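As a plain string of letters, each chain reads:
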Amino acid sequence: MSVVFDILLLGALVWIAVGALSEMRLFKSVVMFVVFGLFLAIAWVRLDAPDVALAEAAIGAGVTGALMLDAVGHLRARSTPYPTPPRDEDADA
Amino acid sequence: MPSLELTVRALEYAFYAAGAFFFLAGSVGLVRFPDVYTRLHALTKSDNLGLGLVCVGLAVRSGSAIIALKLLVIWLLVLVAGATACYLVAEAARSAGVKPWTREAQR
Amino acid sequence: MDPVLTALAAFIMLTALLGIWRIERGPTGADRMLAAMLFGTTGVALALVLAEAVGRGGLRDAALVFALLGALTAVAFVKRAWGAGD
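Residue numbers (our numbering), protein chains in the order written: chain A, 1 to 93; chain B, 1 to 107; chain C, 1 to 86.
Be aware that a few hints might be false.
[Unchecked claim] Sample of chain A residues with no beta-carbon within 10 Å of chain C, all distances over it, derived: (1) V14; (2) A17; (3) L21; (4) K28.
[Said to hold, decoys possible] To be clear about the criterion: a stretch of chain B counts as covered by chain C if any three or more of its residues have a C-beta under 8 Å from a C-beta of chain C, and this derived list gives those stretches: (5) 25-31; (6) 46-52; (7) 69-79; (8) 84-94.
These aren't lab readings, by the way, just hints derived from the structure by calculation.
As the structure is a computational prediction, the values presented were derived from the model and not from experiment.
Ideal placement from N, C-alpha and C gives every residue a C-beta, glycine not left out.
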């Protein structure tokens, strides 16, 4: 029975990792990354390594995920003015 | 007449089954419901109730007051965090202009 | 390991995997964030069940960190990365 659980866990890990890397939209990719960190932490729990699971959940998924979400927000805020080129009357004023 | 141990074991498994049912209900709600606000209902109510039932089952299994108290504290933390996150996401969605789903709008 | 506990863990894992479908479909960023919150709750349940199954009490601390992580990512999302477009 625990073999079923292990196969599910490993399959989900590979599937989510491929999904996070092959996704073009940044936000979706970051969410996939956070979910990947959670599943990796569960894999560490399954391997009976609670301290590594703690570090993976807190740093790998939590802090890195929050920083990446912040970076996506900054990128979006910066990329909105670019598509419309500045007009001449704006440059004079 | 079943022994006390057997009764406790049956109670524990009943709590597991109920918790698993509510987890399944929450996931199906997340997949099937039509908009953000209804999905928040499925997520923050059903899943947290399922977690609480699984925690009660595990507490019955452990048979230790300290472990039961710790499981209770973990569940309360998840409840508080889930309710806060639910309110934040709903407020952000409302201020971003996501329209709530209505039956009339579908016709 | 108790086969009932492993069966319960596998079932909770399956219900969590349903959430990946919601991440794929979207439509808004909030929906994807909801799926991440689903993984937070189910991750707590999985850690608690596995802690009981392997008889290692320290794994319950990992469950506490999972609970904090869900709230942290939700707050980071609402404060920083909200956009209804994706």
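Comparing the hints with the structure gives:
At roughly 12 Å from the closest C-beta of chain C, the C-beta of A:V14 stays outside 10 Å, upholding its exclusion from the interface. A cut-off of 10 Å between C-beta atoms confirms that A:A17 is not in contact with chain C; the least separation is 12 Å. For A:L21, the condition that its CB be more than 10 Å from all CB atoms of chain C holds, with the nearest at approximately 14 Å. Listed as a non-interface residue, A:K28 fails to keep its Cβ farther than 10 Å from every Cβ of chain C; the least gap is roughly 6 Å.
Coverage of the region 25-31 of chain B by chain C holds [criterion: at least 3 residues with CB-CB distance below 8 Å; count 5]. Here the region 46-52 of chain B counts 4 residues with a CB under 8 Å from a CB of chain C, which clears the bar of 3, and the coverage holds. Counting residues of the region 69-79 of chain B whose CB lies closer than 8 Å to any CB of chain C gives 5, which reaches the minimum of 3, so the coverage claim holds. Restraint check on the region 84-94 of chain B versus chain C: 7 residues with Cβ-Cβ distances below 8 Å, three needed, restraint holds.
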